[in-house]
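Colleague: Sequence:
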Amino acid sequence: VLAVLDARGGLGLGGCDVYLNVAGGLKIADPAADLAVAAALVSSLNQRPVNPRAVLFGEIALSGEVRPVAQAGARLKESAKLGFLEAWLPRLDKSEETGIKRVELADVASLVDLLAALA
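According to the working numbering, the sequence shown is numbered sequentially starting from 1.
No wet-lab data here; the hints were simulated from the structure.
Here the structure is a predicted model, which means the values were calculated and not measured.
Fair warning: there could be bad hints in the mix.
[To be verified] EDC-like, lysine to aspartate or glutamate: derived pairs with alpha carbons at most 16 Å apart:
| no. | residue 1 | residue 2 |
| --- | --- | --- |
| 1 | Lys-101 | Glu-78 |
| 2 | Lys-101 | Asp-113 |
| 3 | Lys-81 | Glu-104 |
| 4 | Lys-77 | Glu-104 |
[Claimed, not checked] Quick list of the computed label-pair ranges, beta carbon to beta carbon:
| no. | residue 1 | residue 2 | range |
| --- | --- | --- | --- |
| 5 | Ala-74 | Asp-17 | 32 to 38 Å |
| 6 | Lys-77 | Cys-16 | 34 to 40 Å |
| 7 | Ala-29 | Ala-3 | 16 to 22 Å |
| 8 | Cys-16 | Ala-74 | 20 to 26 Å |
| 9 | Gly-10 | Ala-109 | 15 to 21 Å |
| 10 | Gly-15 | Gln-71 | 33 to 39 Å |
| 11 | Arg-48 | Ala-3 | 35 to 41 Å |
| 12 | Gly-10 | Lys-81 | 15 to 21 Å |
| 13 | Lys-101 | Ala-61 | 15 to 21 Å |
| 14 | Arg-102 | Asp-17 | 36 to 42 Å |
Virtual Cβ for every residue (Gly too), placed ideally from N, Cα, C.
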């Protein structure tokens, strides 16, 4: 994620020491966490917090594209149950649409979109 942020976002992270802590010390292997990790790093660098009531998920490709993840609809439903009000993710296909109205969806197709949203 750092390499893609550096290459596609021009953030100059190559010379930085980066520490990332996940709540509860969990180990994350799911590529769906890529977008949240990228947002946390950019947020820290810019000193502008991401909305704490937002959930982010998407896999970041080497090209900077944000790819859809498995079970996006189920993830959105669970996010709504947990009280999240925003969801940043790649565009849902018709089979994943949930009809949940209380969670505002923000389409993030690429790192460029993420960087613009966090500017």
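Colleague: Run every hint past the structure and note whether it holds.
Modeller: Status of each hint after checking the structure:
With a C-alpha separation of about 13 Å, the suggested pair Lys-101 and Glu-78 falls inside the 16 Å cut-off, and the hint holds. Using a Cα cut-off of 16 Å, the hinted pair Lys-101 and Asp-113 is violated, with the two alpha carbons roughly 23 Å apart. Distance check on the hinted pair: Lys-81 and Glu-104 sit about 14 Å apart at the alpha-carbon level, within 16 Å; holds. A C-alpha spacing of about 12 Å is found between Lys-77 and Glu-104, which places the hinted pair at or below 16 Å, so the restraint holds.
Between Ala-74 and Asp-17 the beta carbons are some 36 Å apart, a value that agrees with the proposed interval 32 to 38 Å. A hinted range of 34 to 40 Å for the beta carbons of Lys-77 and Cys-16 is consistent with their spacing of about 37 Å. Roughly 18 Å separates the CB atoms of Ala-29 and Ala-3, a value that falls within the hinted 16 to 22 Å. As the Cβ distance of Cys-16 to Ala-74 is approximately 35 Å, the hint placing it in 20 to 26 Å is violated.
For the pair Gly-10 and Ala-109, the beta carbons lie near 18 Å from each other, so the given range of 15 to 21 Å is met. For the hinted restraint 33 to 39 Å between Gly-15 and Gln-71, the CB-CB distance of approximately 37 Å keeps it satisfied. The given range of 35 to 41 Å is broken by Arg-48 and Ala-3, whose C-beta atoms sit roughly 23 Å from each other. At roughly 38 Å, the beta carbons of Gly-10 and Lys-81 sit outside the given window of 15 to 21 Å.
A hinted range of 15 to 21 Å is violated for the C-beta pair Lys-101 and Ala-61, which are about 30 Å apart. At about 39 Å, the beta-carbon gap between Arg-102 and Asp-17 stays in the expected band of 36 to 42 Å.
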